[in-house]
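Engineer: Take the sequence shown: its position 115, counted from the start at 1, is 115 in the working numbering, and no numbers get skipped.
Calculated directly from the structure, the hints in this document are not laboratory data. Just so you know, not all the hints are guaranteed correct.
[Unchecked claim] What follows is a set of in silico ranges between Cβ atoms, one per label pair, in the way DEER data are often shown:
1) N23 <-> P92: 28 to 34 angstroms
2) Y15 <-> R44: 28 to 34 angstroms
3) A47 <-> D105: 24 to 30 angstroms
4) D105 <-> G12: 17 to 23 angstroms
5) S78 <-> R21: 16 to 22 angstroms
6) S78 <-> Y15: 28 to 34 angstroms
7) A58 <-> N23: 26 to 32 angstroms
8) Y15 <-> R67: 29 to 35 angstroms
9) G93 <-> W28: 30 to 36 angstroms
10) A20 <-> G69: 35 to 41 angstroms
We put the beta carbon where it would ideally sit given N, CA and C, even for glycine.
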Amino acid sequence: MIHCETWAGLPGEPYLWLLARDNAPTPWAAVRRLTGAAEHLAGRLDADPDDSRPFPGATLRLWLDDRIGCEDVAHRLSTGAYVPEVVTMTGPGHVVYTLAAMPADGCVCHRPRPLTASEASMGALAAVTGGGSA
Numbered sequence: 001m002i003h004c005e006t007w008a009g010l011p012g013e014p015y016l017w018l019l020a021r022d023n024a025p026t027p028w029a030a031v032r033r034l035t036g037a038a039e040h041l042a043g044r045l046d047a048d049p050d051d052s053r054p055f056p057g058a059t060l061r062l063w064l065d066d067r068i069g070c071e072d073v074a075h076r077l078s079t080g081a082y083v084p085e086v087v088t089m090t091g092p093g094h095v096v097y098t099l100a101a102m103p104a105d106g107c108v109c110h111r112p113r114p115l116t117a118s119e120a121s122m123g124a125l126a127a128v129t130g131g132g133s134a
């Protein structure tokens, strides 16, 4: 069993919060769950029709179209690897969103976890550049 998770957090804060979790029996089922979560999150983030800036869900949509990236995630999961950053992007308010997948026995289910170094640096970059997709 593989847990697929969606996390959110602020770069200045030490923890991320679990937004959603789903279980998948196989690596490719996990990729399907993650792409579904990415589509849902992108739709929620891009819901403002009056916003003329590039939509924050663009990073998620790029990953959805990246067949090689999806194959890489499936391969890594098939080896039992924890994939802490399937895709990470910065949304409105400099909130960092992360999709992750891991074997069920390595799950941090429902406990906030510290930001990884790359999540923190992406948030810092967004703060300096004025936000948007990372």
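Engineer: Hint by hint, say whether it matches the structure.
Structural biologist: Structure-based check of all given hints:
1. With their beta carbons about 29 angstroms apart, N23 and P92 fall inside the hinted range of 28 to 34 angstroms.
2. The hinted window of 28 to 34 angstroms between Y15 and R44 is violated, with their beta carbons roughly 21 angstroms apart.
3. Checking the proposed 24 to 30 angstroms range against A47 and D105 shows it is violated: the Cβ atoms sit about 36 angstroms from each other.
4. For the pair D105 and G12, the supplied restraint of 17 to 23 angstroms is violated, since their beta-carbon distance comes to about 32 angstroms.
5. Checking the proposed 16 to 22 angstroms range against S78 and R21 shows it holds: the Cβ atoms sit about 20 angstroms from each other.
6. The beta-carbon spacing between S78 and Y15, approximately 30 angstroms, falls within the hinted interval of 28 to 34 angstroms.
7. A58 and N23 have their C-beta atoms about 28 angstroms apart, which keeps the hinted 26 to 32 angstroms range intact.
8. A hinted range of 29 to 35 angstroms for the beta carbons of Y15 and R67 is consistent with their spacing of about 33 angstroms.
9. Against the hinted window of 30 to 36 angstroms, the Cβ-Cβ separation of G93 and W28 comes to about 34 angstroms, which satisfies the hint.
10. At roughly 20 angstroms, the beta-carbon separation of A20 and G69 lies outside the given 35 to 41 angstroms, and the hint is violated.
In this structure, the earlier hints numbered 2, 3, 4, 10 are contradicted, and the remaining ones agree with it.
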